[in-house]
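Start from the sequences, fold in the hints, and give me the full structure.
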Amino acid sequence: MNNAQPIYGKHYRELHGKAGWFNSPRVARAFGVNFALEPEDRKQAIKSAIYLATGVDSLAKLPPADFVRLIASKGLAFTLPSSLKTAAGVEQ
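Numbering (the working numbering), first residue to last: 1 to 92.
Just so you know, not all the hints are guaranteed correct.
[To be verified] Cβ-Cβ distance ranges computed for the label pairs, FRET-style:
{"hint": "1", "residue 1": "VAL90", "residue 2": "GLU38", "range": "24 to 34 Å"}
{"hint": "2", "residue 1": "ALA36", "residue 2": "GLY89", "range": "27 to 37 Å"}
{"hint": "3", "residue 1": "LYS61", "residue 2": "PRO81", "range": "14 to 24 Å"}
{"hint": "4", "residue 1": "GLU38", "residue 2": "GLY89", "range": "29 to 39 Å"}
{"hint": "5", "residue 1": "LYS10", "residue 2": "SER48", "range": "32 to 42 Å"}
{"hint": "6", "residue 1": "GLY89", "residue 2": "LEU37", "range": "11 to 21 Å"}
{"hint": "7", "residue 1": "SER48", "residue 2": "ILE7", "range": "31 to 41 Å"}
{"hint": "8", "residue 1": "GLY89", "residue 2": "ASN34", "range": "26 to 36 Å"}
[What the hints assert, rightly or not] Cut-off 20 Å, straight-line C-alpha distance, at most; resulting in silico cross-link-like pairs (EDC-like, lysine to aspartate or glutamate):
{"hint": "9", "residue 1": "LYS43", "residue 2": "ASP57"}
{"hint": "10", "residue 1": "LYS47", "residue 2": "ASP66"}
{"hint": "11", "residue 1": "LYS85", "residue 2": "ASP41"}
{"hint": "12", "residue 1": "LYS10", "residue 2": "ASP66"}
{"hint": "13", "residue 1": "LYS85", "residue 2": "GLU38"}
{"hint": "14", "residue 1": "LYS47", "residue 2": "GLU14"}
{"hint": "15", "residue 1": "LYS85", "residue 2": "GLU40"}
{"hint": "16", "residue 1": "LYS47", "residue 2": "ASP57"}
{"hint": "17", "residue 1": "LYS61", "residue 2": "GLU14"}
{"hint": "18", "residue 1": "LYS61", "residue 2": "GLU38"}
Just so you know, the hints here were simulated from the structure itself, not pulled from any lab data. Backbone N, C-alpha and C define an ideal beta-carbon position, used for all residues, glycine too.
Structure (structure tokens):
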């Protein structure tokens, strides 16, 4: 049985790095998440807000173009790695 569900997880790896995107106070604020939360709790809260806004339950199911559009709508496109923008087809 083949579920033709696209998998986009590889495009989001850079967001999870050491100085990761989820550790940005701007990102937390944009999603209404308290930056004072423990890093893993903050990351989960931001992801939950993204899932709610996009109707998915995993970044791996979210097309990069949709993610970039959401982040741009919050005024945060400049925070994204260029590789993710490229995957979304966004001009640098």
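Hint-by-hint comparison with the structure:
1. VAL90 <-> GLU38: 24 to 34 Å: Given range 24 to 34 Å: holds, Cβ gap about 32 Å.
2. ALA36 <-> GLY89: 27 to 37 Å: 36 Å, holds
3. LYS61 <-> PRO81: 14 to 24 Å: 19 Å, holds
4. GLU38 <-> GLY89: 29 to 39 Å: Hint holds: Cβ distance 35 Å, inside 29 to 39 Å.
5. LYS10 <-> SER48: 32 to 42 Å: 22 Å, violated
6. GLY89 <-> LEU37: 11 to 21 Å: 33 Å, violated
7. SER48 <-> ILE7: 31 to 41 Å: Violated - the Cβ-Cβ distance for SER48 and ILE7, about 20 Å, lies outside 31 to 41 Å.
8. GLY89 <-> ASN34: 26 to 36 Å: 33 Å, holds
9. LYS43 <-> ASP57: 14 Å, holds
10. LYS47 <-> ASP66: 14 Å, holds
11. LYS85 <-> ASP41: Judged against 20 Å, a Cα distance of about 26 Å means the pair is violated.
12. LYS10 <-> ASP66: Holds: LYS10 and ASP66 sit about 15 Å apart, inside 20 Å.
13. LYS85 <-> GLU38: 28 Å, violated
14. LYS47 <-> GLU14: Holds. LYS47 to GLU14 sits at ~15 Å (cutoff 20 Å).
15. LYS85 <-> GLU40: Violated: LYS85 and GLU40 sit about 25 Å apart, past 20 Å.
16. LYS47 <-> ASP57: Status holds; Cα separation ~9 Å.
17. LYS61 <-> GLU14: Holds, at about 16 Å.
18. LYS61 <-> GLU38: 26 Å, violated
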